[in-house]
Amino acid sequence: MSYPANTAAAQGLALCHVCGHLDKVELHECTRCGGGLHLRKTDSLQRTLALLVTAVILYIPANILPIMNTVQLGKGEPATILGGVVLLISMGSYPIAGVIFIASVMVPVAKLMALFYLTWNGFRREPASAMQCTKIYRLTELVGKWSMVDVFVVAILVALIQLTGLLVILPGPAAVAFAGVVVATILAAHAFDPRLIWDRLKEDND
Amino acid sequence: MTEAIASIKPRRKVPVIWLVPIVAALLGVWLVVYNYLNQGPTITINFSTAAGIQAGKTKIKSLDVELGVVTTVELTKDLSEVIVTAELESFARPLLTEDSQFWVVRPRIGPGGISGLGTILSGGHINLEAGTGKAGRKKFAGLDNPPVTPAGTPGLQVYLASERAGSVNAGDPVLFRGYRVGSVETTEFDASGQSVSYGLFIDAPYDKLVTENTRFWNASGITLEAGANGVKLELGSLQSLLVGGVAFDLPDGVLPGVQVKNGEEFALFANLAAANRKSYDNFIQFVVAFDQSVRGLRAGAPVEYRGIQIGTVERLLIRELVSDGIKGSGDPIPVLLKIEPARLGLPDTAAAVTDMQEAIAEGVKRGLRAKLGTGNLLTGSSIIDIDYVDNAAPAGLARIQRQLGNLLAKLNDLPLEPAIANLNATLVDLQSTLGSVNGLVASDATQAIPVAINDTLRELNATLDAFSPDSQNADSISRSLSDLNQTLRNLESLTRTLSAKPNSIIFAPPVTVDPVPQRKD
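Respectively, the protein sequence lines represent chains A and X.
Residues 32 to 237 in the working numbering are what the first sequence lists, from first letter to last.
Residues 190 to 710 in the working numbering are what the second sequence lists, from first letter to last.
Simulated from the structure, these hints should not be mistaken for laboratory data.
Incorrect hints may have been included.
[To be verified] These stretches of chain A come out as covered by chain X in the derived footprint (C-beta under 8 Å, 3 or more residues):
1) 76–86
2) 89–95
[What the hints assert, rightly or not] Residues from chain A that keep clear of chain X, each with C-beta distances beyond 10 Å, as calculated:
3) Lys-55
4) Arg-63
5) Thr-73
6) Asn-152
7) Met-162
8) Lys-176
9) Val-199
10) Gly-211
11) Asp-224
Using N, Cα and C, we set each Cβ at its ideal position, and we do this for glycine too.
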């Protein structure tokens with residue numbers, strides 16, 4: 032792959048991943064901190080894709096298994112994420128149902144789809160416009176901050192509501208799976224090198 | 190300086206990172222497989238009602254450990270029962286034995302106390318009581334009530350037969366000397382046998398107390414019995430007073446014998462006295478005939494020889510008397526007696542019976558007779574007293590067997606033809622007798638009888654005159670009457686005392702002791 036002449040990459044320069052020191056790529060090691068030197072993140076697309084697949088796999092049990100077990104007066108009532116949303120709607124708590132639905136369903140799904148689109152574009156011979164890809168990447172960054180909300184809700188409820196005998200909330204196995212989804216998507220977003228979007232752009236412009 | 194030669198390898202096509210989704214997928218697959226392998230059995234239970242059972246909510250528990258949850262509640266096709274389907278955890282598999290029992294736990298008040306209070310808040314659940322049989326059953330019939338004894342409890346199952354249901358119910362305690370050692374599990378009335386069968390469960394280790402000679406009796410409540418031997422009041426323990434129960438023990442002086450096996454049947458006696466009553470294997474039956482009133486004589490009344498009980502009255506043979514066709518002819522009333530030699534300290538053997546039989550036969554020849562005696566003043570019950578009587582009328586005591594045998598023998602060789610010939614001769618005799626009677630009536634002496642009667646009547650008149658109001662005799666009669674009046678008045682006061690305190694005729698009125706001053710310590 033050739034890089035445009037007016038870039039650091041074209042002159043064989045790269046930033047250290049760890050300390051940000053500018054070094055020659057051919058040195059392979061940062062002269063300041065000894066960290067590895069790469070022009071682009073190693074196997075960025077492959078890693079992103081692998082982590083995305085992991086997230087998708089984990090998303091299945093996260094939705095099937097109960098995320099929370101509300102034990103009321105000795106009677107357990109396990110609830111899945113979607114079951115909880117439906118329950119909240121039937122109880123008339125639309126705002127809470129909306130928050131849960133956005134945080135637990137829309138955010139992770141949106142993030143997964145956005146990242147899939149970006150990686151797919153990376154593999155494509157004729158990618159979509161770089162501008163569109165940039166917008167989608169920004170969306171990923173924006174949405175990613177909120178992806179842990181659902182796990183937080185469970186964690187806080189479990190910690191707060193422990194009226195032994197009357198009302199106890201216990202985390203379900205889906206909470207672990209959901210946390211796994213969130214972590215996998217965060218790592219996927221991190222593994223994705225957005226510069227890949229614009230590398231092609233500059234190639235084209237050249 | 191040697192030049193380092195770098196060995197250059199082509200980059201791996203597939204990065205290591207792909208291990209992550211593979212691991213995740215493997216974990217997922219493992220979870221599915223694990224769940225599938227550990228999927229518990231699905232069972233169906235039939236209940237008569239679905240009260241307290243909710244699909245998806247009602248749990249199935251054993252010893253309060255959750256085993257599963259009810260998935261569906263449906264009606265049977267004929268709408269008579271409820272089918273409850275439940276999914277259980279895999280570890281519950283060994284609990285589904287052939288004799289496992291299911292029942293709905295809800296608050297209950299029973300003879301065993303209050304149970305299921307915990308379900309007031311949490312709602313009912315289905316309890317599983319595992320048995321000891323072979324595991325693998327999938328269809329069960331639920332119980333309406335919790336079983337009294339959990340399946341597989343070590344102990345002994347015995348059955349009692351009784352003619353009356355009494356006040357024994359399922360769940361009542363089984364007591365041994367007042368201590369609860371088991372409980373009544375079932376009560377069933379057998380319509381064909383006209384008897385009640387009770388299923389009892391004696392908990393280990395008390396099952397060893399039940400042996401072949403053990404007697405069971407109804408210990409429920411109070412027993413008041415008034416018989417020839419006086420009035421008896423029997424009280425059970427407070428618990429058995431309130432809820433009834435069955436007690437068992439060995440009769441006095443009886444060896445325990447061999448321990449019984451499961452499912453043994455016993456008789457249930459009405460009370461302690463009946464259970465304690467010794468039964469004698471060997472006895473002689475006699476029939477005695479009374480030509481006076483047998484009022485107060487009941488089956489079970491003692492038969493005494495000079496005050497020592499030698500047997501009991503078996504029953505009055507009224508039925509036999511009537512069916513013999515001698516209605517209202519003033520025949521004596523036969524009473525069947527049972528004489529038991531063992532009561533007199535003789536061995537309870539057939540030899541003793543033969544000896545006794547001979548002794549009585551000998552005694553009858555020498556004037557041994559039975560007579561009615563008063564057993565108890567208050568209850569008016571009678572006993573039979575056997576003693577020697579001077580100038581006894583012939584043959585008062587006869588053995589029933591011999592009597593029956595003799596009767597049959599007589600019927601067999603009844604001399605009918607000679608009897609008819611005799612009758613003919615008698616008729617001829619009668620004719621001649623009537624002829625001589627005719628002659629007698631026609632005689633002078635007979636004619637003179639009316640004159641003699643006239644004289645007698647005249648004398649009677651004179652006698653009656655002597656008892657006229659003015660006469661001395663009348664005076665003495667009126668004095669006697671006033672004496673009788675006085676006596677009756679006294680009797681009345683006695684009757685009053687008796688009606689206020691009936692036992693005063695037996696027990697002297699209590700003597701109150703003068704209070705003695707005592708130093709307080």
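Violated constraints from the hint list, given by number and in increasing order
5 and 10
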